[in-house]
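Undergrad: Here is how the chains run, residue by residue.
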Amino acid sequence: MTATADQAAAGQSAAAVESSGLGKRYGRTWALRDCTLSLPEGRVVALIGPNGAGKTTFLSLVMGLAEATEGTVLVDGHPAGGPGALARVAFMGQDHPLYKRFTVADHLRMGYELNAGFDLPWARARLADLDIPLRRPAGRLSGGQQAQVALTLALAKRARVILLDEPVASLDPIARREVMTVLMTRVAETGATVVFSSHVVAELERVCDYLVVMSRTQVQLAGATDDLIAAHARLIGPGRAATGAAGGDGDVPAGVAAVLERSASDAQTVLLARLSGPVADPRWEARPVTVEDIALGYMAAPGERYQPSPRLSVVSGSQS
Amino acid sequence: MTWLVWRQHRLEALAAVTVVAVLAIVAAPTALHLYQVTALLRHDGCLGGSPDVNCGTAMDAFNATSRTLQGIVPLLNILPALAGAFIGAPLVAREYEDGTWRLAWSQGVTRLAWLRRQLLGTLAVTGLSAALLTAVLTWWLSPVNDVNGRFTNNGFDFTGVVPAGWALLAFAIGVLAGTALRRVIPAMAVTLAGYAAIRYPVEFLLRPRYLPPAKTWGLPFAQGTGLATNDWELGLDPVAPGGRTVLTGAQFDQVQHTAQASMNRAATSPATYPAQLDHWLTAHGYTQVATYQPAGRFWAFQGIEAGICLLLALAAIAVAYRLVSRRPF
Chain A
3 MTATADQAAA
13 GQSAAAVESS
23 GLGKRYGRTW
33 ALRDCTLSLP
43 EGRVVALIGP
53 NGAGKTTFLS
63 LVMGLAEATE
73 GTVLVDGHPA
83 GGPGALARVA
93 FMGQDHPLYK
103 RFTVADHLRM
113 GYELNAGFDL
123 PWARARLADL
133 DIPLRRPAGR
143 LSGGQQAQVA
153 LTLALAKRAR
163 VILLDEPVAS
173 LDPIARREVM
183 TVLMTRVAET
193 GATVVFSSHV
203 VAELERVCDY
213 LVVMSRTQVQ
223 LAGATDDLIA
233 AHARLIGPGR
243 AATGAAGGDG
253 DVPAGVAAVL
263 ERSASDAQTV
273 LLARLSGPVA
283 DPRWEARPVT
293 VEDIALGYMA
303 APGERYQPSP
313 RLSVVSGSQS
Chain B
5 MTWLVWRQHR
15 LEALAAVTVV
25 AVLAIVAAPT
35 ALHLYQVTAL
45 LRHDGCLGGS
55 PDVNCGTAMD
65 AFNATSRTLQ
75 GIVPLLNILP
85 ALAGAFIGAP
95 LVAREYEDGT
105 WRLAWSQGVT
115 RLAWLRRQLL
125 GTLAVTGLSA
135 ALLTAVLTWW
145 LSPVNDVNGR
155 FTNNGFDFTG
165 VVPAGWALLA
175 FAIGVLAGTA
185 LRRVIPAMAV
195 TLAGYAAIRY
205 PVEFLLRPRY
215 LPPAKTWGLP
225 FAQGTGLATN
235 DWELGLDPVA
245 PGGRTVLTGA
255 QFDQVQHTAQ
265 ASMNRAATSP
275 ATYPAQLDHW
285 LTAHGYTQVA
295 TYQPAGRFWA
305 FQGIEAGICL
315 LLALAAIAVA
325 YRLVSRRPF
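As they're listed, the protein sequences go chains A and B. The first sequence begins at 3 in our numbering and counts up one residue at a time. The second sequence begins at 5 in our numbering and counts up one residue at a time.
FYI, nobody ran anything at the bench for these hints, they're computed from the structure. Keep in mind the model is a prediction, meaning the values are calculated, not measured. Every residue, glycine too, gets a C-beta built ideally from N, C-alpha and C. Hints are all accurate, no fakes.
So the derived list for chain A, only partly shown, Cβ under 8 Å to chain B, looks like this:
| # | residue |
| --- | --- |
| 1 | Y101 |
| 2 | D108 |
| 3 | L116 |
| 4 | N117 |
Could you build the full structure based on these sequences and the hints that come with them?
TA: Pasting the structure below:
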């Protein structure tokens, strides 16, 4: 692709990551199908789903490590895997691969040599803060330290889009918290977009402001967390004793678009529901839900899909 | 990126330099001795021309000194294969095997640019060590070539552009095997096997036929081939009287039987039998034909063989590029 075409493509889209009908097949098995996503800039995007849902495949396609079987994916407007995209996207693999015989300093030098704008002082400072010795070969670091080195490399690239595949899986709880704080700081400082995958749902609330839930190779839910919280509620209403004659399990108040979870007793019924409008029925009480509730609700109901079209206010403008 | 290539392959570079240095150190005393011996041989007129009878002893001395060398040197043909197995095969395979391909190919350099720089760096190491090794061996073998001719196997294998050609091809086979198999050890094994599978047919079947051989007809029996030291003799065959009909082995056996039967009547002794046979064959009009590649074709042959290596190497590298660019994961 020529520079002009690259720029033209960039002008058309301000999304950090834009995929359209994206799919990847390994042999006869699909790992990702029909993935159409528009991840807005400057967000921390959590990619949640059980193992095998297609999270790693999606990140590999965005990074250009894998080639799409069908569909397209643009990074900051540039086709994934091309020089334009590579300059704008950073990646940390699931098992945080490092060169075992390279020292930590060697890795930093590699990052510096291969990436224009690599933030060497920042990387050194962060590793010093973490007490990770620069002269030690990566093979002799602990798993957690290796993950931190890999993460530092990805973050120091100062990319527009930072893809992290299970970044905290091998970290202890304190380190997890530190990493999440660093991610948020990085987004605040550089305006970058962070996309991280996780099968751990805890702490999402504090960290992410955009949620993507994947299951069985497809996108199930995608949206800004504010929008998702506004569109979902826990509804508490009459139990089986009161409604049994009327409609039993099928009884939902007006304004409910879909029921993700239902637990009913004689005394009351509790629904986790997606709303299409206000619930006016006085017998039902709507309570707010957390992002975790929503994520778990969708993971428990793999048939449910919800992908509100991105708001124009999010999409417009920020391309420089 | 140059730094990265150097950092990743400095051990291989060091190993290559060590091999060349060790060989130079081992070669030096033998080579110096051989230079003295050949100087004496030349002084006594034992090289080329018509050797003196006294040259037998001198040649024996030369052969004794050079025997070990001539025994060892062919083993060095494995060096290109080793370069392919230890530098070429792991180049991409190790990245796949260790999972570091995801680190290497998620930097700000496209994977094809990465591959290009890696190839250039490691090829420079391979090519440079092949050139140095060729220089050492050319110097070492020079006295032997003066006696045996440089178109012989050792002389041809370790002179000029042929060693570098084979090193390049073995390296390319290694890169391709590593890229296709994604495992270091299997790629190394395939590299060694692949090198041998190309090398031996080329050396023993193709090399003598790069150009149609020259022939010298009408050579009498009981005399040499009349070929120069640097000519490459491919064969010396009996020819029927008068014509240019080369006799098959069975036909010549028949002729020898006839000769023996007639000579038995003349009661020859075993000691003089060969000379008598030659005399009989000459008397009955039998001659010999020498088939050979003239010394003047040495560099043409070097170019042809290096060209074959280069073409195959380029093909292998092109396939490796395709495999890397296809992003199968």
